[in-house]
Amino acid sequence: MKIFFTVIMIVTISFSMLAQDEKQDSMEVKIPSQDAVYERPFILSINKLSTAVGGYFEGNSNYFSEDGVSEGLSFELRRFNIFFYSSIGPAIRFLSELEFEHGTEEISLETAQLDFQFFPEFVLRGGIFLVPIGMFNQNHDSPKWDIIDRPFVSTQIIPSTFSEVGFGANGRFLLSNTLSITYAGYITNGLGEGIILNSEGRTFIPDGKSEEAFAEDNNGLPSYSGRTAVQLTDAEFGLSFYHGVYNSYRVEGVEVDDKRSVSIAAFDYSAKIFELTLQGEAAYSIIDVPENISEIYGEKQWGAFVDLIYPLYKGNLFLFNDAVINTVVRFEYVDFNTSTFKVTGQKIRDEITALVFGFSFRPVSNTVIKANYRRHWTVDAIGNPAINTAGIQIGFASYF
Amino acid sequence: MKIFTNLFNEFRLSNKFLFIISLSLLISFLIISCEEFMPSAPSSDEVLNEPIEGLTPAQLAAHLQGDGEFGKIFSKADGLGPIFVNTSCENCHIADGKGHPFIQLQRFGKMNPDGTFDPLLEYGGRQLQQRSLSGYPPEVIPVEATGKTTLMPPSVTGLGLLAAVPDATILSLTDPDDINGDGISGAQNYISPPDYFEPVPGFHIENNGKYIGRFGRKAGAITLLQQVTQAYLNDIGITTDFLPDDLFNPVVGPGTGDEVTDPELSASIVKSVEFYIRTLKQPPRRNENDADILAGKLIFDQINCSGCHIPTLVTGTSEIEALNQKEFYPYTDLLLHDMGSELDDYYTEGTATTSEWRTTPLWGLGLASNSQGERTFFLHDGRAESIEVAISFHGGEASQSRNEFNNLSESDRAKLLKFLESL
Numbered sequence: 045m046k047i048f049f050t051v052i053m054i055v056t057i058s059f060s061m062l063a064q065d066e067k068q069d070s071m072e073v074k075i076p077s078q079d080a081v082y083e084r085p086f087i088l089s090i091n092k093l094s095t096a097v098g099g100y101f102e103g104n105s106n107y108f109s110e111d112g113v114s115e116g117l118s119f120e121l122r123r124f125n126i127f128f129y130s131s132i133g134p135a136i137r138f139l140s141e142l143e144f145e146h147g148t149e150e151i152s153l154e155t156a157q158l159d160f161q162f163f164p165e166f167v168l169r170g171g172i173f174l175v176p177i178g179m180f181n182q183n184h185d186s187p188k189w190d191i192i193d194r195p196f197v198s199t200q201i202i203p204s205t206f207s208e209v210g211f212g213a214n215g216r217f218l219l220s221n222t223l224s225i226t227y228a229g230y231i232t233n234g235l236g237e238g239i240i241l242n243s244e245g246r247t248f249i250p251d252g253k254s255e256e257a258f259a260e261d262n263n264g265l266p267s268y269s270g271r272t273a274v275q276l277t278d279a280e281f282g283l284s285f286y287h288g289v290y291n292s293y294r295v296e297g298v299e300v301d302d303k304r305s306v307s308i309a310a311f312d313y314s315a316k317i318f319e320l321t322l323q324g325e326a327a328y329s330i331i332d333v334p335e336n337i338s339e340i341y342g343e344k345q346w347g348a349f350v351d352l353i354y355p356l357y358k359g360n361l362f363l364f365n366d367a368v369i370n371t372v373v374r375f376e377y378v379d380f381n382t383s384t385f386k387v388t389g390q391k392i393r394d395e396i397t398a399l400v401f402g403f404s405f406r407p408v409s410n411t412v413i414k415a416n417y418r419r420h421w422t423v424d425a426i427g428n429p430a431i432n433t434a435g436i437q438i439g440f441a442s443y444f
Numbered sequence: 368m369k370i371f372t373n374l375f376n377e378f379r380l381s382n383k384f385l386f387i388i389s390l391s392l393l394i395s396f397l398i399i400s401c402e403e404f405m406p407s408a409p410s411s412d413e414v415l416n417e418p419i420e421g422l423t424p425a426q427l428a429a430h431l432q433g434d435g436e437f438g439k440i441f442s443k444a445d446g447l448g449p450i451f452v453n454t455s456c457e458n459c460h461i462a463d464g465k466g467h468p469f470i471q472l473q474r475f476g477k478m479n480p481d482g483t484f485d486p487l488l489e490y491g492g493r494q495l496q497q498r499s500l501s502g503y504p505p506e507v508i509p510v511e512a513t514g515k516t517t518l519m520p521p522s523v524t525g526l527g528l529l530a531a532v533p534d535a536t537i538l539s540l541t542d543p544d545d546i547n548g549d550g551i552s553g554a555q556n557y558i559s560p561p562d563y564f565e566p567v568p569g570f571h572i573e574n575n576g577k578y579i580g581r582f583g584r585k586a587g588a589i590t591l592l593q594q595v596t597q598a599y600l601n602d603i604g605i606t607t608d609f610l611p612d613d614l615f616n617p618v619v620g621p622g623t624g625d626e627v628t629d630p631e632l633s634a635s636i637v638k639s640v641e642f643y644i645r646t647l648k649q650p651p652r653r654n655e656n657d658a659d660i661l662a663g664k665l666i667f668d669q670i671n672c673s674g675c676h677i678p679t680l681v682t683g684t685s686e687i688e689a690l691n692q693k694e695f696y697p698y699t700d701l702l703l704h705d706m707g708s709e710l711d712d713y714y715t716e717g718t719a720t721t722s723e724w725r726t727t728p729l730w731g732l733g734l735a736s737n738s739q740g741e742r743t744f745f746l747h748d749g750r751a752e753s754i755e756v757a758i759s760f761h762g763g764e765a766s767q768s769r770n771e772f773n774n775l776s777e778s779d780r781a782k783l784l785k786f787l788e789s790l
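Residue numbers (the working numbering), protein chains in the order written: chain A, 45 to 444; chain B, 368 to 790.
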């Protein structure tokens, strides 16, 4: 797999090197996912040199049943996020995002980044920023999505929302009016030890996230991440990677363990074919786990999701002139351990499959009301009969 | 009339009409969906993880609290390890049923020339912890070990009923000299109690400072509390108020452990898990009045499987009414029996010989595949992948019954197996 990751890194760099032609920006090319953080209404509506405050919030109802057992109906205010944006100079911009989850249960600084744009092809970025792995992590604002829950692969293999402190560069090369290439490459503190021996009882990359990593790395070795993507008129295809040592292999300068790394490779896509929008991503991870616990904590994981979105109605509706009603379907799958049991030779299952069907109503483009029906089939490591979960969710999300 | 017609036409053509109709349909769909599109519960006679009937609301709440603790996965930050076998109770006893071979326990020891058994505590005995925290070495079985056994996690359902059987009942089933001449003896395992053991007058019977063990493959634990406490330490590496010291790992040496202050778990949580296990229902019977199954039960008695796997036991008095003086059907006598050389792992506990095993309750036999990945792994180490293979390994005191099983007609054998799968 090292070869695989190496190839992705080379492809990332090669695209950047090949894209030499400097052309003017064009609205005919799809907006890159890596610029999604600046494609927010509160920024788009202000003058070039100014400061703006904005944000989004989302809430929903939950009615779920697992194998016939239901906790009943409940409501949650998932997120209330505040953005601060400042265009400090013609080529310097600052963006931050403060996230409140479930009221004040969890407060985190998701973004605090400073961009120096020397020219569109080369932008230096430093601070706390979204790691460019996959498409969802950099473009996860709920008002942009038509399904209430985030994709499993994007939150459990790729640990969205995945912010890191570090620095690096990104840029965009316009090759023609209908074709551009973007790249991003960063060095960051990286994920920590919680990837294994955590309270999930399985290898769980999101548990490697730690607020402490915003202050200091746990092992003094940086992690590397990068993404390259091609934008066409109505489509984007991206390849990305993340690699780093996650364990605290030395204490007081003394090595007490082997260096253990985590690597993630991802492929993402979004395309509009006539009125149908097709989007999704797939990720594959390799985690160096101590041999004696590898049956419990998997060494390889993968997952994917695909969304199909189709507008049923566009036009005037009620008081809204540009309302849209969409229907959406999502299929997703995650395998948390691709290995086999040594004793029996059986495939370790530990997987989840889900199907989501729903409608979304966008009275205006930055506000969405969603109604979803979800169905999950969760199979444990041994392969016992699946736990069958289903639920109805109704929710909203809106920028402000 | 004309006004109403105009209003209707105007409204019908408006977006409001379309919107309201769509919204009404959507809401109707969702309301119906709440009832119609939810997964149904599996039949109660197909699952093990339910409480015993007749618990009071307060007892039910305590049961559910214990259920949560039983399912808790321990992380490094919670005190997992530093050496361990698994990370939670439920990861071994999946859905409270029988476990899977990948989570087997291994125990070892050394038989001394004088016939006493040394659990090799100085080498990390008697149980191997083959898994460890990153950067910390796992245990290995020392070369000094002359006997080692591999143990599958058993089902934990119905254990409250077994725990409520008085010692006097167990003693009444012993026949150490085979006075009835059926080739089956049956002996109790006397165990030295841990410091925290509190004998119940009139229930526990003491013998030279030892008490009758009834839990575990070798009947090495006297009470459920002892079984739970030992499992927390030996299986998960979690210290408790009852056993507050981290496991000794000879690979590292004394005085080492994890970074979490001991004890890592309070007595109240251990007792909560004990209460949960105590109040789990007995495995449910299925199709027990089917003619073939009834015929199979007769054959079970005729070839004297019931000599060890006795069908009926009765609990003594219990403060939990649902367990108080109840007749139940575990198909065990809770005694040790010599199972012959094929099942002799040269390892033992208490006063059991190395070839003696406590009679495994047969209840839940037919539901084993629901917790073993839709396959079955029987006997103490999971070596038998079917009931027939498991019977074929029965030697020693069970030889006569095994031979009679082998001589049954195909039809009778099928009926007997059908009966066993109904348990």
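Because the hints were derived from the structure by calculation, they are not lab data. Some hints here could point you the wrong way.
Claimed, not checked - Some chain A residues judged to face chain B by a derived CB distance under 10 Å, without partners named:
no., residue
1, D111
2, A156
3, L158
4, D159
5, F162
6, L241
7, S243
8, R246
9, P250
10, Y293
11, G297
12, V333
13, I392
14, F403
15, T411
16, N428
To be verified - Listed next, the in silico EDC-like pairs over lysine to aspartate or glutamate satisfying Cα-Cα at most 16 Å (straight line):
no., chain 1, residue 1, chain 2, residue 2
17, B, K515, B, D544
18, A, K316, A, D278
19, A, K358, A, E319
20, B, K443, A, D159
21, A, K316, A, D351
22, A, K391, B, D668
23, A, K386, A, E319
24, A, K188, A, E335
25, A, K358, A, D251
26, B, K439, A, D278
27, B, K785, B, D668
28, B, K443, A, D251
Claimed, not checked - Label-pair ranges, simulated between beta-carbon atoms:
no., chain 1, residue 1, chain 2, residue 2, range
29, A, V387, B, I572, 52 to 58 Å
30, A, E260, B, P568, 55 to 61 Å
31, B, L385, A, E120, 27 to 33 Å
32, B, R652, A, L265, 24 to 30 Å
33, A, P355, B, T628, 26 to 32 Å
34, A, Y82, B, E417, 38 to 44 Å
35, B, T679, A, G112, 49 to 55 Å
36, B, E413, A, T148, 57 to 63 Å
37, A, S383, B, S776, 42 to 48 Å
38, B, T628, A, E120, 32 to 38 Å
39, B, T628, A, E83, 45 to 51 Å
40, B, L385, A, F401, 18 to 24 Å
Where a beta carbon is used, it is the ideal one built from N, C-alpha and C, also for glycine.
Against the structure, the hints:
The interface hint given for D111 (chain A) is met, as the beta carbon of that residue sits about 6 Å from the closest beta carbon of chain B, less than 10 Å. The beta carbon of A156 (chain A) is not positioned within 10 Å of any beta carbon in chain B (closest approach about 27 Å), and the interface hint is therefore violated. Nearest Cβ of chain B to the Cβ of L158 (chain A): about 34 Å, over the 10 Å cut. The hint is violated. With a cut of 10 Å, the hint placing D159 (chain A) at the interface with chain B is violated, because the nearest CB-to-CB distance is about 36 Å.
With 10 Å as the threshold, the beta carbon of F162 (chain A) stays out of range of chain B, its nearest partner Cβ sitting at about 43 Å, so the hint is violated. For L241 (chain A), the interface hint holds, the least distance from its beta-carbon to any beta-carbon of chain B being 4 Å, beneath 10 Å. Hint on S243 (chain A) holds. Least Cβ distance to chain B is approximately 4 Å, under the 10 Å limit. Given hint, R246 (chain A) at the interface with chain B, holds; its Cβ is 9 Å from that chain's nearest Cβ, closer than 10 Å.
Given the 10 Å rule on beta carbons, the hint for P250 (chain A) is violated: about 13 Å separates it from the nearest Cβ of chain B. Interface restraint check: Y293 (chain A) against chain B, minimum CB-CB distance 7 Å, threshold 10 Å, status holds. Because the beta carbon of G297 (chain A) sits about 15 Å from the nearest beta carbon in chain B, more than 10 Å, this interface hint is broken. Because the beta carbon of V333 (chain A) sits about 8 Å from the nearest beta carbon in chain B, less than 10 Å, this interface hint is met.
Hint status for I392 (chain A): holds, given a least beta-carbon distance of 8 Å to chain B, under 10 Å. Hint status for F403 (chain A): holds, given a least beta-carbon distance of 7 Å to chain B, under 10 Å. This hint is violated: T411 (chain A) has a C-beta 16 Å from the nearest C-beta of chain B, more than the 10 Å allowed. Checking N428 (chain A) against chain B: minimum C-beta separation of about 6 Å stays under 10 Å; hint holds.
The straight-line distance between the Cα atoms of K515 (chain B) and D544 (chain B) is roughly 29 Å, outside the 16 Å bound, and the hint therefore fails. A threshold of 16 Å between alpha carbons decides the hint, and for K316 (chain A) with D278 (chain A) the separation of about 5 Å falls inside it, so the pair holds. Only pairs whose Cα atoms come within 16 Å are accepted, and K358 (chain A) paired with E319 (chain A) is accepted, the gap being roughly 11 Å. Proposed proximity of K443 (chain B) and D159 (chain A) is contradicted: the alpha carbons are some 38 Å apart, above 16 Å.
Using a Cα cut-off of 16 Å, the hinted pair K316 (chain A) and D351 (chain A) holds, with the two alpha carbons roughly 12 Å apart. With a C-alpha separation of about 40 Å, the suggested pair K391 (chain A) and D668 (chain B) falls outside the 16 Å cut-off, and the hint is violated. Note on K386 (chain A) and E319 (chain A): the hinted pairing is violated, with a Cα-Cα distance of about 49 Å set against a maximum of 16 Å. The straight-line distance between the Cα atoms of K188 (chain A) and E335 (chain A) is roughly 42 Å, outside the 16 Å bound, and the hint therefore fails.
A threshold of 16 Å between alpha carbons decides the hint, and for K358 (chain A) with D251 (chain A) the separation of about 42 Å lies outside it, so the pair is violated. Note on K439 (chain B) and D278 (chain A): the hinted pairing is violated, with a Cα-Cα distance of about 47 Å set against a maximum of 16 Å. Straight-line distance between C-alpha atoms of K785 (chain B) and D668 (chain B) comes to about 14 Å, which keeps the hinted pair within the 16 Å bound. For the suggested pair K443 (chain B) and D251 (chain A), the alpha carbons sit about 12 Å apart, so the restraint of at most 16 Å is met.
For V387 (chain A) and I572 (chain B), the Cβ-Cβ distance of about 40 Å falls outside the hinted range of 52 to 58 Å, so the restraint is violated. For the pair E260 (chain A) and P568 (chain B), the beta carbons lie near 60 Å from each other, so the given range of 55 to 61 Å is met. The hinted range of 27 to 33 Å is satisfied by L385 (chain B) and E120 (chain A), whose Cβ atoms lie roughly 31 Å apart. About 59 Å separates the C-beta atoms of R652 (chain B) and L265 (chain A), a value inconsistent with the hinted range of 24 to 30 Å.
Take P355 (chain A) and T628 (chain B): their Cβ atoms lie about 59 Å apart, and the range 26 to 32 Å is violated. Distance hint check for Y82 (chain A) and E417 (chain B): the Cβ-Cβ separation is about 54 Å, which falls outside the suggested range of 38 to 44 Å. A beta carbon spacing of about 32 Å between T679 (chain B) and G112 (chain A) contradicts the range 49 to 55 Å that was offered as a hint. Checked against the hint of 57 to 63 Å, the C-beta distance between E413 (chain B) and T148 (chain A) comes to roughly 44 Å, which is inconsistent with it.
Judged by the Cβ atoms, the range 42 to 48 Å given for S383 (chain A) and S776 (chain B) holds: they are separated by roughly 45 Å. Checked against the given bound of 32 to 38 Å, the beta carbons of T628 (chain B) and E120 (chain A), roughly 35 Å apart, stay inside it. The hinted window of 45 to 51 Å between T628 (chain B) and E83 (chain A) holds, with their beta carbons roughly 49 Å apart. Hint check: L385 (chain B) to F401 (chain A), Cβ distance near 22 Å, so the stated range 18 to 24 Å holds.
Violation of the numbered hints given earlier is confined to hints 2, 3, 4, 5, 9, 11, 15, 17, 20, 22, 23, 24, 25, 26, 29, 32, 33, 34, 35 and 36; the remaining hints are satisfied by the structure.
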